[in-house]
Each structure stands twice: as structure tokens, then as C-alpha cells.
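Quick mapping for you: the protein sequence lines, in order, are chains A and B.
Heads up, the first sequence is in our numbering, so the first residue is 8 and it goes up one at a time.
Heads up, the second sequence is in our numbering, so the first residue is 8 and it goes up one at a time.
Simulated from the structure, these hints should not be mistaken for lab results.
Incorrect hints may have been included.
Note: identical chains are not told apart, hence a pair may lie in one copy or across any two.
[Claimed, not checked] Computed cross-link-like contacts, DSBU-like style, restricted to lysine-lysine with a CA-CA straight-line distance of at most 35 angstroms:
#, residue 1, residue 2
1, Lys323, Lys86
2, Lys46, Lys280
3, Lys86, Lys138
4, Lys311, Lys277
5, Lys311, Lys183
6, Lys46, Lys323
7, Lys288, Lys205
8, Lys311, Lys86
9, Lys205, Lys138
10, Lys277, Lys86
2 protein chains.
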Amino acid sequence: MNTVHVLMADVRVNCGCFMRLDIRHWEMLKAIADLGTLKNAASALGITQSALSHRLAEAERRLGSPLFDREGRQLRLAKAGIAMTQTALQVIPALQRAEHDFMQASTNAASVVRFGVAAYSCYHWLPVFMKHLDATTPAIQLELVASATQNPIMNLLEGAVDVVMAPGLSETPGIKSIPLFQDELVLVVPAHHHLASKAYIVAEDLLSEDYLTYSKTAQPGFEYERFIRPSGVVPHLVTVVEVTDAIIELISSGFGVSILSRWAVGSALKGGKIAALPLGKQGLSLDWYALVRASDATQSHSAKLAQLMAAWYAQKIGTTNPLPHD
Amino acid sequence: MNTVHVLMADVRVNCGCFMRLDIRHWEMLKAIADLGTLKNAASALGITQSALSHRLAEAERRLGSPLFDREGRQLRLAKAGIAMTQTALQVIPALQRAEHDFMQASTNAASVVRFGVAAYSCYHWLPVFMKHLDATTPAIQLELVASATQNPIMNLLEGAVDVVMAPGLSETPGIKSIPLFQDELVLVVPAHHHLASKAYIVAEDLLSEDYLTYSKTAQPGFEYERFIRPSGVVPHLVTVVEVTDAIIELISSGFGVSILSRWAVGSALKGGKIAALPLGKQGLSLDWYALVRASDATQSHSAKLAQLMAAWYAQKIGTTNPLPHD
DNA sequence: ATCAATACATGAACAGTATTCATCTAATGC
DNA sequence: GCATTAGATGAATACTGTTCATGTATTGAT
Numbered sequence: 008m009n010t011v012h013v014l015m016a017d018v019r020v021n022c023g024c025f026m027r028l029d030i031r032h033w034e035m036l037k038a039i040a041d042l043g044t045l046k047n048a049a050s051a052l053g054i055t056q057s058a059l060s061h062r063l064a065e066a067e068r069r070l071g072s073p074l075f076d077r078e079g080r081q082l083r084l085a086k087a088g089i090a091m092t093q094t095a096l097q098v099i100p101a102l103q104r105a106e107h108d109f110m111q112a113s114t115n116a117a118s119v120v121r122f123g124v125a126a127y128s129c130y131h132w133l134p135v136f137m138k139h140l141d142a143t144t145p146a147i148q149l150e151l152v153a154s155a156t157q158n159p160i161m162n163l164l165e166g167a168v169d170v171v172m173a174p175g176l177s178e179t180p181g182i183k184s185i186p187l188f189q190d191e192l193v194l195v196v197p198a199h200h201h202l203a204s205k206a207y208i209v210a211e212d213l214l215s216e217d218y219l220t221y222s223k224t225a226q227p228g229f230e231y232e233r234f235i236r237p238s239g240v241v242p243h244l245v246t247v248v249e250v251t252d253a254i255i256e257l258i259s260s261g262f263g264v265s266i267l268s269r270w271a272v273g274s275a276l277k278g279g280k281i282a283a284l285p286l287g288k289q290g291l292s293l294d295w296y297a298l299v300r301a302s303d304a305t306q307s308h309s310a311k312l313a314q315l316m317a318a319w320y321a322q323k324i325g326t327t328n329p330l331p332h333d
Numbered sequence: 008m009n010t011v012h013v014l015m016a017d018v019r020v021n022c023g024c025f026m027r028l029d030i031r032h033w034e035m036l037k038a039i040a041d042l043g044t045l046k047n048a049a050s051a052l053g054i055t056q057s058a059l060s061h062r063l064a065e066a067e068r069r070l071g072s073p074l075f076d077r078e079g080r081q082l083r084l085a086k087a088g089i090a091m092t093q094t095a096l097q098v099i100p101a102l103q104r105a106e107h108d109f110m111q112a113s114t115n116a117a118s119v120v121r122f123g124v125a126a127y128s129c130y131h132w133l134p135v136f137m138k139h140l141d142a143t144t145p146a147i148q149l150e151l152v153a154s155a156t157q158n159p160i161m162n163l164l165e166g167a168v169d170v171v172m173a174p175g176l177s178e179t180p181g182i183k184s185i186p187l188f189q190d191e192l193v194l195v196v197p198a199h200h201h202l203a204s205k206a207y208i209v210a211e212d213l214l215s216e217d218y219l220t221y222s223k224t225a226q227p228g229f230e231y232e233r234f235i236r237p238s239g240v241v242p243h244l245v246t247v248v249e250v251t252d253a254i255i256e257l258i259s260s261g262f263g264v265s266i267l268s269r270w271a272v273g274s275a276l277k278g279g280k281i282a283a284l285p286l287g288k289q290g291l292s293l294d295w296y297a298l299v300r301a302s303d304a305t306q307s308h309s310a311k312l313a314q315l316m317a318a319w320y321a322q323k324i325g326t327t328n329p330l331p332h333d
């Protein structure tokens, strides 16, 4: 018969059972997952194959059953071992980051905040901001994590990145959104394109255009969601290019058009080789936010950086124009 | 000058530096955070105070700087140590769960899935479902985690619970939503209440009512979001009761009214002491989902349970009425 | 089929680490 | 001022993990 255990306590201070596996066993799990074989994993960990074999045997002895199936001379993850490996893949990097951060924090006194941009791999504003950062808050160092673009929220929650700049806020629990500035989605076309002279674009204009987009995973890409899809229009040909600068280059060479954020296009507009056109009569606005973990929302360097960014953008808008360029 | 490090690689297979801290050091961090003093932590870990003191000293030696400030004869977490402790508090339970699950999975062959309900602490349907589960899939055992009601998404992501039953789907990355059944929000009043005879309720009807709600953290409860707030009506008094059965009891005793899901009210309606009235002419529908981690979305017992629940509810609806009761 | 190479397992000796026991120091409270 | 509490320290001991040398089974090539 099925039994129900009801746990009312939020925190089990001590579950009675101690940890069976050592950190080295988890490290081993990750290494084997990454490298495939015991031998490679062993050399990556800087120990002999024999040692790792012993280590694996010990782990399985402690757990009471095999983590891997021995298929011929190969190790294959046992079904139950999959979850263990996934845990290892999550936990080991988290621990390494924590240690690394701690040592940074205690030696330098200057702390590194990992930073990523959720959409458009577009960093033309960074040098200027960093100059500002360096002048006002030298205690914070930036580490740019380009790979955080793929799945920013997960990367943020898992700690691979500390601050993400994202178009739109996040309702995800555990994430706090700090507003940065208001932006606008625009159609980007070559300067001499037949659409370049229009006051604004309607979805039908895109019917016969080659369309370039920056993301295939389309964290429901807003331009598609908000402009193209509602109209039922299907653009002619869609090409995926992941870097904004490359998209702009392609557009200016006549390979197609794209919908990007006016901020992302940024300085490229000044070159005069491309034009940016509002979408619809009113235009489609887009609010940028800095996302931080809720646990970092106060008193952390992450939060500090987010606030500095917000202040910097606010000042940009105040002194120049409604869209902060570099 | 500020420097930028750009990391392009998604996975750093091996960051060159190995782990400095042992799992016991992280365990120690968690124990000290939980218990406050070295002495208590030591006894909780089943070792002497001396051993833990050595252990702490070793951890600090490896990291190169102190985790705690010694204030008098007391240990106080150093600023940089806070993040370490937080990591420990997250990671240690995750590892314990993983180990526990693995041993469950490999010994019993029957696996425990932790289950929670995101809103309304309401489990009248559970015994019947468990009977069904036991008959069809005895390999899956249920563990009911009542505390997951508070912040279901975080609990799910962190692994404190494996499946959450929630009203509405979740867009959170890393979470997959599996539709269960359609429900309806209703106003629950005592059977002889002056509103009980109405065909349906409008927001203004609530103006002079004492209003009971089920959640104090108020993830601004949907009933509020969808019915009360749009109308600008502010109900008379809001009393917080966290358990649905208690709310129903209070309502039937004339302490107030509440908006709940028809499913949550469930069998209580049959008693005849309360009445449930649709909200607005069309009623306000509510879709229930089973939420699982995306990493568990296929081939895991969590996913299996979610599918079983969906199938069970589908069958309930087919054979009885559009709302699955027990 | 045979032989070499590959991938992992095993046993004994050794090295390194963690734990205990006994003792010590410095705050704190009565 | 004296007992008490919280933690630190040093030396001896017990334990755990590593290496080295070697073994076994599988795979692929000749």
C-alpha cells in the first residue's frame, strides 16, 4: 500500500543521515560525464586510472549499488546514476564558483560580478560603462559571460552569471528585475532599401523580405511574438545569425532585414548604411531590465552593479537623448 | 583599470583549479549556520568540538582567509563567508536528496516522488488517487511536501519537491507544465447567505463582505488579480487562513466568504452547508497543471506521476462530471 | 584465430588527512 | 575573583585515498 509522508518542517536541520559521498566522488561523476571514460576523467583530475577506479568502487560501495553498468570494457551510466550525475554537474560548478568568489572577495577586496546580456550579443556600450564603473566603483570588476545569452534565467539561478541585462522583466520566483531604460523594436534595413523611406512598418511589408534573426531558440523572440505572428505574415526566408554585429553587417550588404532593438543597433545607425524604422504607427516599445537573483537583491555586488547600470542609463537619457548610446 | 574577461565556452570542463574544500567543510558551514555555535554543530555532526575546530581551521587555511570573525569567544560569519554559507545551505540538501533518491531507486526499485500543491492546502482527492496509483503503478511512492505550497517554483527548481500541482502554467525556464484539468473560481458562502441564491456574483457583491484568503504571502492570489482588483472593489476585511478546510469551516460558520477553486471546495459542497457561486456571467475558469523540472520532463518518475495524474483526472471527467471530485 | 591494444579492476604498500584526547587561552557572567 | 563557556592547539592515532604493479575481459587488426 502506498504511504504518505507529510513534511511540515521547511528546513530539516539535520536529516539524521550524513553524507555518504565525498566531494571527490561528485567531482568524479562530473569528470566522467564530461570526458566519457574513466581514463580521461582520471587524467583530467590529475590522478591515475587506478585511483579513479578505486574511487568509483568506493562510491558504489557506500551507496550500496552500482552507479555505472559495465558493458564490455566500457562504463555506461546506470539509470539511477543519471540523476546523480546531473546533480554533480550542477553542484560542482556552484561550489567552484563559491570558492573562487570567496577567495576573490577576501584577497582583492575588489569583487568580480559576472555579467551577461540576454538578447542580442551586443556590447558596444560596455567600454564606456566600464570606464564609468572604474571611475566611480573600482571595487567592482566585470566579467562578461557571453554564453549566458542562451538561457539567461537558468544561468542566473544556477550562478553562472550574476547580472543579466534582459528585454522585459522576469516573473520567475527568485529573480528580481531592476528597470534600466526604455527601448524600441525597429526594423533594420539597408539605407537604400525600398522600405527605408517609410514612416513606419506594418507586418505585411515583411512578406517578401529575407529575414535575419539573432536567435533560433527564440525565448519567444519578442519581435516575432509581438509583431509578425499576430498578423499571420510569414517572412520569406529566415536565416539565423547569433551576433548582432553580424546581422547588421549582413543587412547593410543587402542580405535581408531584421527586427532588432534600437539600442542594439546603436552606433551602427550613425554609419548611415542602415536605417531603422518603427514597427506600426505607435512603435513597439521594449523595456530593458537588469536581472539579479533575489538572494542578491540587496547588499550584494550584483545588486550594486545593477543599480549603477540603472543610474548610468538614467543619466545618459537625461543628458543626451531618450535612447542611451555609447 | 577595469578588465573584461570574456568566457565563450558554455561548459568549462575543467577550470584548472581543483576543489579546495572537502564536502565536510561545506557540511560544517551548513551545520554552523543552522546551529549557531561550533560546539552544537560538532555534536550534530557527531564529532568533537576539537575536530570541528581543526576542520574550520583547515578550511580557512585552504581558502587563504578566515570564514568567520572571532568576536570574543563567539564566531561571527565574515562578510565573504556569507555567500559560502548560502551555497552550503543550498548544496548540501541537494546532495543529500540525490544520494537518498539514488539509494531509494536502486534498493526498492520503487521510487519516491515528492509532491506538493501550489495553492490551497487541499488534499481530499489524494487518498483516491493514491489507491489508483497503488493499483496501476506501485513502483511510484508519493511523498507529500506540504511546505512546498509557499514558493512552489523555487522548491521545485531546488529539488525540495518533484511535482507541483499548480493553478495555471509556469513560463519559468527549467519548468515544464503538464495540463491536468479545467477548474473554475467560485465564491464560497454559507448555504443561507444572502448571496447564495444569486445565479452569479459580481465584484460589487463583495463590498460589504468579510473576505477570507488562503495565503498570507499572497502571490497576489488569482481571485484577487482576476476578479476583485479589476473592479476596484475592496472587500471589507481580509482574514488569512492557510488551509482550505479551515477556510471552508469558517465560511460555513458565518465568519466570511472566500473565492476558491471549485475543485478545492470539492466534497465540502455536498455537505450542503456552503454554496459555490460562479464569478461573473461566464464564470472564471482556471486550468490546473502539474509542474515538473524540465530535466525530469521525460523518462523520470516525476514525469510519469504527472502523466498518471493527468490521465486520472481525464478519466474522472469522462466518467463523472466536468470537475473531478473524490 | 591470434595478438596487441584498450578499458577497467584488484591487492599491497605507502602517504596523507582527519580525529581524538588532553590541555590551554580568552572572554563572559555571577 | 572564580567558575563557566566557546573555541584553539599539539601530539598520537586511526582512517582513507593514492600509487605501483599486475590482472582480466573485451575489442579490433592482421
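| Can you tell me if Lys323 and Lys86 fall within 35 angstroms by alpha carbon in one copy, between copies, both or neither? | between (55 angstroms within a copy, 33 angstroms between copies)
| Is it within a copy, between copies, both, or neither that the alpha carbon of Lys205 lies no farther than 35 angstroms from that of Lys138? | neither (38 angstroms within a copy, 66 angstroms between copies)
| said: My question is about Lys86 and Lys138: at a cut-off of 35 angstroms on alpha-carbon distance, are they close within one copy, between copies, both, or neither? | reply: Between copies only: 27 angstroms across, 51 angstroms inside.
| message | I want to check one pair: Lys277 and Lys86. Are their C-alpha atoms no more than 35 angstroms apart within a copy, between two copies, both, or neither? | response | For Lys277 and Lys86, the Cα distance exceeds 35 angstroms both inside one copy (57 angstroms) and across copies (46 angstroms).
| request: Tell me, please, which holds for Lys311 and Lys86 at an alpha-carbon limit of 35 angstroms: within, between, both or neither? | output: between (44 angstroms within a copy, 15 angstroms between copies)
| How would you classify Lys46 and Lys323 at a CA-CA limit of 35 angstroms: within, between, both, or neither? | neither (55 angstroms within a copy, 54 angstroms between copies)
| At most 35 angstroms between C-alpha atoms: does Lys311 with Lys277 qualify within a copy, between copies, both, or neither? | Answer is within: at 32 angstroms inside a copy they meet the 35 angstroms cutoff, but 56 angstroms across does not.
| message | When Cα atoms must be at most 35 angstroms apart, do Lys46 and Lys280 count as within-copy, between-copy, both, or neither? | response | This pair counts as neither: shortest intra-copy Cα distance 55 angstroms, inter-copy 70 angstroms.
| Homomeric proximity label, Lys288 with Lys205: Cα distance no greater than 35 angstroms | Answer is within: at 11 angstroms inside a copy they meet the 35 angstroms cutoff, but 46 angstroms across does not.
| request: Give the relationship of Lys311 and Lys183 under a CA distance limit of 35 angstroms: within one copy only, between copies only, both, or neither. | output: Intra 13 angstroms, inter 33 angstroms, cutoff 35 angstroms: intra and inter.
Violation of the numbered hints given earlier is confined to hints 2, 6, 9, 10; the remaining hints are satisfied by the structure.
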